[in-house]
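Colleague: So the protein sequences, as listed, match chains A and B. No gaps in the numbering here: position 258 of the first sequence is 258 in my numbering, and each next residue is one more. No gaps in the numbering here: position 181 of the second sequence is 578 in my numbering, and each next residue is one more.
For the record, the hints were derived by calculation from the structure and aren't laboratory data. None of these values were measured; they are calculated from a predicted model. Treat the hints with care, since some could be wrong.
[To be verified] Residues from chain B that keep clear of chain A, each with C-beta distances beyond 12 Å, as calculated: (1) R414; (2) D453; (3) P610; (4) I729; (5) A778; (6) P782; (7) V856.
[Stated by the list, open to error] Partial list, computed: chain B residues near chain A (C-beta under 10 Å): (8) G399; (9) A403; (10) C404; (11) V406; (12) P541; (13) A552; (14) L663; (15) L665; (16) A810; (17) A817; (18) P828; (19) Q830; (20) P855.
Glycine included, each C-beta is placed from N, C-alpha and C at the ideal position.
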Amino acid sequence: MTPRLPQRAETVVIGGGIVGTCIAGFLAEAGMAVTLLDSGHAAGSTSNAGSLHVQMQSRFMRLYPAQVPGLEAQLPLYPLAVRFWAELGARLGLDFEMKLTGGLMVAESEEQLAFLGHKAARERALGLDVEILGRSDVERMAPYLGPAIVGAELCRDEGKLNPLAANKALAGWTRGLGVDRRPGVRVTAVAADTDGFVVESDAGRMACRRLVIAAAWDSGRLAAPFGLAIPSVAEPLNIAITEPASPLIGHLVQHADRMITLKQLGSGQVVIGGGWPALPAAGNAAPGLELDSLIASATLGLHVVPALGQLRILRCWAGNNTVVDGRGVLGRVAGHPGLAVAIPGDAGYTLGPLAARMVADDILGRAPMVDIEQFRPERFNVALPAQAAGDGGGNGQ
Amino acid sequence: MGACQACLVNVDGVSNRRACMVKVADGMVAVPGGGLEGLSAGSGGAIEGFLRRAADLPERRPDVLVIGAGPAGLAAALVARRAGAEVLLLDERGSAGGQYYKQPAVTAGPAADAQAREGAALITEALAAGVEMLADTLVWGAYPGPVFVASRGGASFRVVPGATVIATGAQEVAWPVPGWTLPGVMTTGAVQGMWRTARRVPPGRIVIAGNGPLNLQLAAELVAAGANVVALVEAARAPGIGQAGVVARMAASAPGLVRQGLAYRLRLRGVRMLWGAQVRAVRPGLEIETDTGQVLAADTLCLGYELAPADELGRGLGQQPGVFSAGDCTTIGGAHVAAAAGALAGAAAARHLGLVADAGDAEVRLARHRGFQAALWTLFAPARPLVGHLTAETIVCRCEGVTAGDVAAAQAAGAASHAAIKQATRLGMGPCQGRSCAPLLARLAPEAMPAGLAPRAPVRPVRIADLAR
Numbered sequence: 001m002t003p004r005l006p007q008r009a010e011t012v013v014i015g016g017g018i019v020g021t022c023i024a025g026f027l028a029e030a031g032m033a034v035t036l037l038d039s040g041h042a043a044g045s046t047s048n049a050g051s052l053h054v055q056m057q058s059r060f061m062r063l064y065p066a067q068v069p070g071l072e073a074q075l076p077l078y079p080l081a082v083r084f085w086a087e088l089g090a091r092l093g094l095d096f097e098m099k100l101t102g103g104l105m106v107a108e109s110e111e112q113l114a115f116l117g118h119k120a121a122r123e124r125a126l127g128l129d130v131e132i133l134g135r136s137d138v139e140r141m142a143p144y145l146g147p148a149i150v151g152a153e154l155c156r157d158e159g160k161l162n163p164l165a166a167n168k169a170l171a172g173w174t175r176g177l178g179v180d181r182r183p184g185v186r187v188t189a190v191a192a193d194t195d196g197f198v199v200e201s202d203a204g205r206m207a208c209r210r211l212v213i214a215a216a217w218d219s220g221r222l223a224a225p226f227g228l229a230i231p232s233v234a235e236p237l238n239i240a241i242t243e244p245a246s247p248l249i250g251h252l253v254q255h256a257d258r259m260i261t262l263k264q265l266g267s268g269q270v271v272i273g274g275g276w277p278a279l280p281a282a283g284n285a286a287p288g289l290e291l292d293s294l295i296a297s298a299t300l301g302l303h304v305v306p307a308l309g310q311l312r313i314l315r316c317w318a319g320n321n322t323v324v325d326g327r328g329v330l331g332r333v334a335g336h337p338g339l340a341v342a343i344p345g346d347a348g349y350t351l352g353p354l355a356a357r358m359v360a361d362d363i364l365g366r367a368p369m370v371d372i373e374q375f376r377p378e379r380f381n382v383a384l385p386a387q388a389a390g391d392g393g394g395n396g397q
Numbered sequence: 398m399g400a401c402q403a404c405l406v407n408v409d410g411v412s413n414r415r416a417c418m419v420k421v422a423d424g425m426v427a428v429p430g431g432g433l434e435g436l437s438a439g440s441g442g443a444i445e446g447f448l449r450r451a452a453d454l455p456e457r458r459p460d461v462l463v464i465g466a467g468p469a470g471l472a473a474a475l476v477a478r479r480a481g482a483e484v485l486l487l488d489e490r491g492s493a494g495g496q497y498y499k500q501p502a503v504t505a506g507p508a509a510d511a512q513a514r515e516g517a518a519l520i521t522e523a524l525a526a527g528v529e530m531l532a533d534t535l536v537w538g539a540y541p542g543p544v545f546v547a548s549r550g551g552a553s554f555r556v557v558p559g560a561t562v563i564a565t566g567a568q569e570v571a572w573p574v575p576g577w578t579l580p581g582v583m584t585t586g587a588v589q590g591m592w593r594t595a596r597r598v599p600p601g602r603i604v605i606a607g608n609g610p611l612n613l614q615l616a617a618e619l620v621a622a623g624a625n626v627v628a629l630v631e632a633a634r635a636p637g638i639g640q641a642g643v644v645a646r647m648a649a650s651a652p653g654l655v656r657q658g659l660a661y662r663l664r665l666r667g668v669r670m671l672w673g674a675q676v677r678a679v680r681p682g683l684e685i686e687t688d689t690g691q692v693l694a695a696d697t698l699c700l701g702y703e704l705a706p707a708d709e710l711g712r713g714l715g716q717q718p719g720v721f722s723a724g725d726c727t728t729i730g731g732a733h734v735a736a737a738a739g740a741l742a743g744a745a746a747a748r749h750l751g752l753v754a755d756a757g758d759a760e761v762r763l764a765r766h767r768g769f770q771a772a773l774w775t776l777f778a779p780a781r782p783l784v785g786h787l788t789a790e791t792i793v794c795r796c797e798g799v800t801a802g803d804v805a806a807a808q809a810a811g812a813a814s815h816a817a818i819k820q821a822t823r824l825g826m827g828p829c830q831g832r833s834c835a836p837l838l839a840r841l842a843p844e845a846m847p848a849g850l851a852p853r854a855p856v857r858p859v860r861i862a863d864l865a866r
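Extracted from the complex, chain B is given alone in its bound form:
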């Protein structure tokens, strides 16, 4: 969530705000539409000292900057703080926790579950230890130095840290099949976020499709919340007796997680399970076609096939002394791997400053959870490769409305690199800045030179007023 920019709305007269990131408040007026409605003569006003330079921005100089307050960032901040570093922890969202420890934003509905409670305890612990946490703070730029730039509350500031831990997590990759952009089609993470923060479930019949345990967890959560989950379509084969050894290995490394997994399965007894199947097309309605020939009817379809590291800041910056990355923004490994890796990165950041740091048993936990992940993904190995099903009419770049056919036409006309395809089709030029379409382009044109979609600041769209104030 927060990455694709496909949900832009005008909220109280301010255009292009992400619906997925704005908390609803009483009296708020939200209307569809982005910048096309947004510009009118005479708004704004003269500003003073208009020849601003970077040096004019307020500056923070923490010992350690941690970007992202999910499992990796929280762990890094805590370890660095306990080593004696002054730690500034920034997160784009309204509250710390990231996706895994997502905190409820409403008091109505069922209370936070164990996962959220665990996160709340960790956040409290970090605050008690003296970590300075700023929510609603978007780090949109990383420049050589390194110097980071962030926006918060309509103004920007620079951060020149002694050491940095980038822990920006992952984002979901769109499932490239006809109809993936239809109304009612969402990502698994978006629906889980909706449930965990706002205690809302999608209306009507819900089909969840994808690959991996997150879909199973979402299905179990939605069933427990009273939602009508009609089917789960999983790309992996049904677990059989032959995998008992794998499960035993998993149970040895993380018995709690295996117990949790079994509980999910029990809760899903009324849900139709389609193992070894992938969504191949979605037609308006929604009519969902699988590659195994089944057709399912639904009102909401959750797609959760792949995650990609949200690594724009680190990639744009390149290797820099004192800059460490941890968690899913490096390699997708899940929350427990991220927490262990975050602790190690926090210790490395503190040591970079000459402090004595103790990451506890993080090395051991990292190895154990990596082992668990490896075993888990043998269970969830897809029956067939995850390639999707792109027809000429399938949208690849949703921001600019570019189809797979447009990409093919550009290639036929001589566009031999991703940069040339981008120039010829406008793919990647919209507000998602290539985050959603670049993985699909890589799949569609693997032979093209991958230059040209490298992340550059601003790695997220930034409001001009936020730069000038």
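Isolated chain A (complex conformation):
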């Protein structure tokens, strides 16, 4: 049913999520002929539910303590990435229903508040605009929060957008630029060829001069033939969405010690996520849902925002977050002219457009707006393992 691929293309981008879509668009804006392949339907893994994250997520710090240095290393990217989202929408005249209402990470004990204080100090040192609020500030700014909340860390750069609106708008933008979008094409193998690359897929074989791997957790498999051992894994997470309600929750809400993210979209629907696991699925199938995750996230949501009680959950789904080493994997691959990788790192949707811009600029030979060196794929070069171990520290910028 899927149409066969043409035999030749100039530039192939594998992965039609936020990253691949933006790279395809940026390269097409520079005059390249781009073919965009996606194994499902583009931007269809539904891994993002619209949060724009800036502060470090406590969930990630607890689950992957070894990756905190990597996370801190790319922390300065997050406020830039949120700004880039706004600039992109303005430049292209696209409405992503973006709202920078700020984010609150709530605490319900002095111990948790102290943890937030420590975290905020580290983040401020890296240039983030964060502050600690006490109970009276919380009551004033976020009266919807429950009585158990004693304080919070406020990050003004955080917010939310509507990913359905954003994906649709950006897909339209790439279409207008002539990007050849090919949903439903699963890439089975890639290899270097005399004059570039060969892409094998279930819709046929295609040769290209330039290849960009922007396939999230599947990128590790696709980059392996080029001597890169990128340990990208899918982390399926449970997300629940309620029916619409009158505006109440302005902020993106997280918790210092519990896995929850909670926000109210422009539609009035409340989205409850935050890292509760779903069941990994084989191949391209959707991850399975776990009852534990639904109950825990709903109960947490009710605890943090008591008014949620009478809202009904309409749907649950599971999306795949991509975990590597806490840091993005971005840019051209040394020794393979024409090849680039683009995996943005934790909170990949927030970082997506900026990461795409950095990789596109790297491909186009322009100086990226943010230094890309520490994100280069070579740290996973199996021929040079020492390099990966050598620069793991949290140097910041």
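Assemble chain B onto chain A, guided by the hints.
Modeller: Chain B alone, transformed into the frame defined by chain A:
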């Protein structure tokens, strides 16, 4: 009823309750409006032990769980119970019986008819046999194991059964023509439910349109109740002498049902019959246009064209040992087929537990009633295929206000699968969770890959407070 979520009201301050499922009580305040009015700061309160997991939910471990207390579920429960199994029978409604054996909820008005009396006797029999029946209990989730989750009275519980019979019946499929969402347009099942439970008939001139015997039955019931049924529009051709053989076959397999059918016809002598016609459009007013060129005026239009299996739980769960499905949630076959299939499923569930079960003559009844259904539907074969008449402005997804034109635009912009169409248009993202619009989308975009509208828990919207308590 209960499936489309198009009737949400705020009842006594609780938003998004289904008007079709709430019994009216003295002093009750019901106002239009769903969740948009529903959220205000400060309601609710802190809860204890907030890190709940599934294991914290109260748990039931019956030998056999039966979901749905219609003809199939009641029969399954009775057979399994008589085989010695401890049976828990759950139903979403206020009373057992399902659509076919629907029990009156009021004492005013005419007494229950034979069909309801038959159901009442069956319910009494099941209770007497020791079946535990819980009404007002919504099973909204089925997880691998299997583990089922249900809500009742504002709290949730888990059921981990030894064996399961899913008997969740059918739901009506919207008739996709311009105007199907207008006020005054209802489904045949909704009006029949209103009459059978609340002894109310719609006001003014009533037109009933659709395909199959249910419309005929409703017309006869409404006429007997004194309602003003002005016309019946039936997609099948008028039965003629050439079909005498079919009727004879039906009479041989179920003489009582044929007698009943003839009685309906006699009662409808004053009603205008339009055979071989389908509703093509409804204009405000209501002005009903048929595909044969007639125009009818009405105050209420009942549409009853197709039923679809309410199979979300079984489909979401997939094949599991010890889980059986029976009745209209598998294939639409009507109450008598469902009762026979339910008895067989109840026996299979009991045998799965190592019990000796006897489904009586269920095999014979199943074959006989399937034969009757096959013959019946040759009589009611539509004169022309039932496809409706979707114009660009016709609503396809009522929850999110998506039209057929919106779907076409999404397809033109590259949405090649149902999932992509859903993401591009929001079709299927509202409270009906795709139940109403998915069949219409399948008709509208048959070439699109059907992935993406698979049922997942919660298969019905579930209140957050009900999960946390």
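Colleague: Taking the closest pair, is the beta carbon of V856 (chain B) still more than 12 Å from chain A?
Modeller: violated, 10 Å
Colleague: Given P541 (chain B) as an interface hint, is the shortest Cβ-Cβ distance to chain A below 10 Å?
Modeller: Nearest chain A Cβ about 7 Å off; hint holds.
Colleague: Does the CB of P855 (chain B) sit less than 10 Å away from some CB of chain A?
Modeller: holds, 6 Å
Colleague: R414 (chain B): least C-beta distance to chain A exceeds 12 Å?
Modeller: violated, 10 Å
Colleague: Taking the least C-beta to C-beta distance, is V406 (chain B) closer than 10 Å to chain A?
Modeller: violated, 13 Å
Colleague: Please verify that hint: Q830 (chain B), Cβ, nearest Cβ of chain A, below 10 Å or not.
Modeller: holds, 6 Å
Colleague: Holds or violated: is there a CB of chain A closer than 10 Å to the CB of L663 (chain B)?
Modeller: violated, 47 Å
Colleague: Mind checking the CB of L665 (chain B) against every CB in chain A and telling me if the closest is under 10 Å?
Modeller: violated, 42 Å
Colleague: May I ask you to test the interface hint for A403 (chain B) with respect to chain A, counting a Cβ-Cβ separation under 10 Å as satisfied?
Modeller: At 13 Å from the nearest chain A Cβ, A403 (chain B) fails the 10 Å test, so the hint is violated.
Colleague: Would you assess whether D453 (chain B), listed as outside the interface, keeps its beta-carbon beyond 12 Å of every beta-carbon in chain A?
Modeller: violated, 8 Å
Colleague: Identify whether the interface hint at A810 (chain B) stands, where standing means a beta carbon of chain A within less than 10 Å of its own.
Modeller: With a closest approach of 7 Å, the A810 (chain B) hint holds.
Colleague: Does the nearest C-beta of chain A fall within a distance shorter than 10 Å of the C-beta of A817 (chain B)?
Modeller: holds, 4 Å
In summary, the structure is inconsistent with hints 1, 2, 7, 8, 9, 10, 11, 13, 14, 15 from the numbered list given earlier, while agreeing with the others.
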